[in-house]
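> The hints should help you fit chains B, C and D onto chain A, whose structure is shown.
Residue numbers (our numbering), protein chains in the order written: chain A, 27 to 326; chain B, 27 to 326; chain C, 27 to 326; chain D, 27 to 326.
Heads up, some of the hints might be wrong.
Intra- or inter-copy, both count: the list cannot distinguish identical chains.
Keeping only pairs whose Cα atoms sit at most 25 Å apart, straight-line, the calculated DMTMM-like set for lysine to aspartate or glutamate is [unchecked claim]: (1) Lys133 to Glu291; (2) Lys192 to Asp70; (3) Lys140 to Glu176; (4) Lys192 to Glu291; (5) Lys192 to Asp271.
In short, the hints are calculated from the structure, not lab data.
All of these numbers come straight from a predicted model, not from anything done at the bench.
There are 4 protein chains.
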Amino acid sequence: MPHSPANHATFLVAARDQPGLVARLAGFFADLGLNIVDASNHSDADVEGGPRFYMRLEVDLDGLSRPAAHAVLGPSVSRSALEGAFARLGESIGATWSVRYADHVAKVAVLVTKEGTCLYDLLLRQQSGELPCTIPLIVSNHAVLERVAESFGVPFYALPVTPDTKRDQERRLLDVLHRHHIELVVLARYMQVLSDAFLAEAPPVINIHHGFLPAFQGARPYHQAHARGVKIIGATAHYATADLDQGPIIEQDVARVDHRMGPDEMARVGRDVERVVLARAVRAHLEHRVIVEGPRTILL
Amino acid sequence: MPHSPANHATFLVAARDQPGLVARLAGFFADLGLNIVDASNHSDADVEGGPRFYMRLEVDLDGLSRPAAHAVLGPSVSRSALEGAFARLGESIGATWSVRYADHVAKVAVLVTKEGTCLYDLLLRQQSGELPCTIPLIVSNHAVLERVAESFGVPFYALPVTPDTKRDQERRLLDVLHRHHIELVVLARYMQVLSDAFLAEAPPVINIHHGFLPAFQGARPYHQAHARGVKIIGATAHYATADLDQGPIIEQDVARVDHRMGPDEMARVGRDVERVVLARAVRAHLEHRVIVEGPRTILL
Amino acid sequence: MPHSPANHATFLVAARDQPGLVARLAGFFADLGLNIVDASNHSDADVEGGPRFYMRLEVDLDGLSRPAAHAVLGPSVSRSALEGAFARLGESIGATWSVRYADHVAKVAVLVTKEGTCLYDLLLRQQSGELPCTIPLIVSNHAVLERVAESFGVPFYALPVTPDTKRDQERRLLDVLHRHHIELVVLARYMQVLSDAFLAEAPPVINIHHGFLPAFQGARPYHQAHARGVKIIGATAHYATADLDQGPIIEQDVARVDHRMGPDEMARVGRDVERVVLARAVRAHLEHRVIVEGPRTILL
Amino acid sequence: MPHSPANHATFLVAARDQPGLVARLAGFFADLGLNIVDASNHSDADVEGGPRFYMRLEVDLDGLSRPAAHAVLGPSVSRSALEGAFARLGESIGATWSVRYADHVAKVAVLVTKEGTCLYDLLLRQQSGELPCTIPLIVSNHAVLERVAESFGVPFYALPVTPDTKRDQERRLLDVLHRHHIELVVLARYMQVLSDAFLAEAPPVINIHHGFLPAFQGARPYHQAHARGVKIIGATAHYATADLDQGPIIEQDVARVDHRMGPDEMARVGRDVERVVLARAVRAHLEHRVIVEGPRTILL
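Only chain A is shown next, with the shape it has when bound in the complex:
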């Protein structure tokens, strides 16, 4: 799953399944003279309410400057003209869809509390070019990770919270996110439950749960895992929803533990899983690979 060159656009499409969808979608781009460099589609017949169609198309936009595109889109070919034309196609097939341009660098906010492993990991991957995004701000309900933010030159917002100030703190958090045009919020071990009201107004939120959901929901999953005597622990990255720990799962992975490990040692092993799982989920989201359908995700 390599990064896309800058002149690529990626379309995600979900619709009721029906014959001819691939042809119509691919035909749309062929008529414009645009090359599809990578695509996959899948029809799921077992969905309540009837078969569903999912497709991801990665398209080379180079052709937009050539006559074919002009013939379709008119003299002033633009991305909004492209989107307008695609919207008409989408409507005709009853699709929900979205597009991401590879040269658009998403703005991601990272929320943390005291544990810095996942934060460092995201910052380093962003810095090395692994994550196609910027991280214009870090928010925490504690001050302890401010130094990390500083060493990467990222503005740090300390927004402490108590049960009494939760509503107010979330309001201020929303303000910060909106002011910076944040498109994705990553909870990198942010130890606060976000309210429904907040989630309703916030950009998409990805959370890392340090347990192998749906086992070990709630607090202290490593202590739960240790007490139960499991031989494998895991981590789960999911979209945050109003139901705690119930959001659509994006990615999971596991690691082996043994009888010599107490909960703290399990936590150490788990941290290596958490950060990799979170990074993969963030990357999949940024690369426009994730379709959410009810309680599940489709990764294309």
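Using the frame of chain A, we list chains B, C and D on its own:
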């Protein structure tokens, strides 16, 4: 974890932790002139009720015919003399212990219903020498796998069961197990819950659960996993206890699934995990590597 | 990767990359009124000789009885008419392509020597419906596995071979394969090197190498691995070619080993990897997912 | 494998196998009134030159202040007295041995060139307490990672090298290492081959190779892996020896790749493996778990 040569004995010991235990246990064998070819011990300080000590010692019994052993055990050196002496040591340190001789071939009964993958797998591993046991009988509540038993030359007992006859069927099952001196019962997808009364009288019972416990307890775990949209499925081998799906876990493993897989496809992928997990658990039990402590196991 | 329903057809296409290919391929099926239920394509820009396009399309043939298909293919719609039309499309875009019908049950021959693990595994998967094929014959240069063939009711051909009779034995082997219309040969631990002449005339041949190629080529890979002190061993399934152990790799997997394992114990662990890797490779081939490009494979 | 409490000592012992070794070693500590909290031993019968015995003992030194210890070691019980007594035991059984005290914090130098992933990873793990060491200096033949060293407050030594100055640069490097009493050198993607002369005088050196040795030795392993079409890539941590890429392997791990990944993408996936493998190897070394025997390691 290679098989032990035939003249080896393996001791498992659990006791309250106290200084000098390793020296006393190792010294016991040194005094007898017996070489310890593999051993490991671990003290767990975090156990309720005080620190616990666990040790596995694999000993070469060749030395039993030499003078040192005679000096300790008397003129007629025998395994029961060895055990008697070890029992005195065990008592003095307050240990629970057990011994397995590598040349003792355990008798294992396999219980099945209709699904044959795990059964075949166990039979083949036994046949190839991977599992140090014989399988003198296969029991099922259905007739469908009789042919498999036949092709391996293993007696097959069909013991059908209905809610009304459950008590009686379990009684007959116990009779069969006892008559054949069965030392381990393996539930290789036996789709019946065993009663507490049965478990109290039966030899140890290992069950394979086709879910990554403690997630997806109960029936149809793959359907549960599919509905929840997990990215990884698993299987769990555990000792059967009166609490369904709550017995001490011996082994677990996992496999990746994706959005193209329905529950049936997940089941197919899961079968490969199940049989490997079950075989590892049975092998660990037969090699005398498993200490059960409350809800957990120690694998040495 | 579920099995396809019986009325599906799967097309594999490779061509020089060029804009409009997805639209033309998908359009072909849309014009016929056939639904594409699963597809993926990828363009690789880094290929010597210019960018390459690869696509797999799984199509529901139900629509073949409807007017749209008749309009394109004429009154007597048949698979050969479908293939003829697709061939014209393929030619026009310079593609190599092939089709597999889900209701076509491929005939697979398994070649073995003395080691039966992979053979049993393939027979059981075939029997349980995991592998969309029949296994009409088993061939061996030894008699030892004849009993296994018998217990599954599969004809067994013993074709012993010595250096002097190799050419003749291969000739007889080819005769058997052709006589039974074998479409795929699986070397399930067949301990003979097949000659170039044989491979040139035989159906595709998949081999399992019990090493993590390209490490540990040649004989006794577990002894090589043990001597080198590796911490992980593996197995590799590849198409057999004239260059021993150099054929295009279809699938690989690994397992962890430790210092307590000698070469024999590594071999035991390795067997579990081998059979799973081989089964996955055979399945991928039978599901028409593998495109061979020079020394590599594309799995779609 | 949890960290040891500060008052623990860990002994590693290798010797010709002989009956009574465990009893003598454990008895030594029992006589001193010291509790063995974790131990394992293994005898390998398949070693050229005769069976070998390996043991790791982790001992609680609390008892050193009690009468039993005084009775054995004399009035002024000290670690050097303990070591002196153990040395006599070691000599009597022909053992090579070493001891590490948990409260001794090893000094580790990290050598890098331009790639910072492994460096960051080691610094973060050290900082979080995962690695029982300090990192008093970072050395590089380039200046590019100086900023990273600074942000962690670690002195950075730029020691550029050319073919002509190699001998001189290594001499200066040795001076720096010795001056800082470095006990372990970690090559965290240091792109220089160290000379035999340097290795002979340096502390132990652990290197991370970004290939699954022994496959893909030498330069650009990801390009080699891509060209060969492997489905799994890996990384190997080993002690550096005079034979490039041939040193005793400490740890390996792997990750899956697919046809969509070019060498650069493989390198990205590989980096996640490299840093985890290197960290595990460094940790195993620092926890005194690694015995080197010829071309192999024993991890206890």
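> Would you pick out the hints that fail for this structure and give their numbers low to high?
Of the numbered hints, 2 and 4 do not hold.
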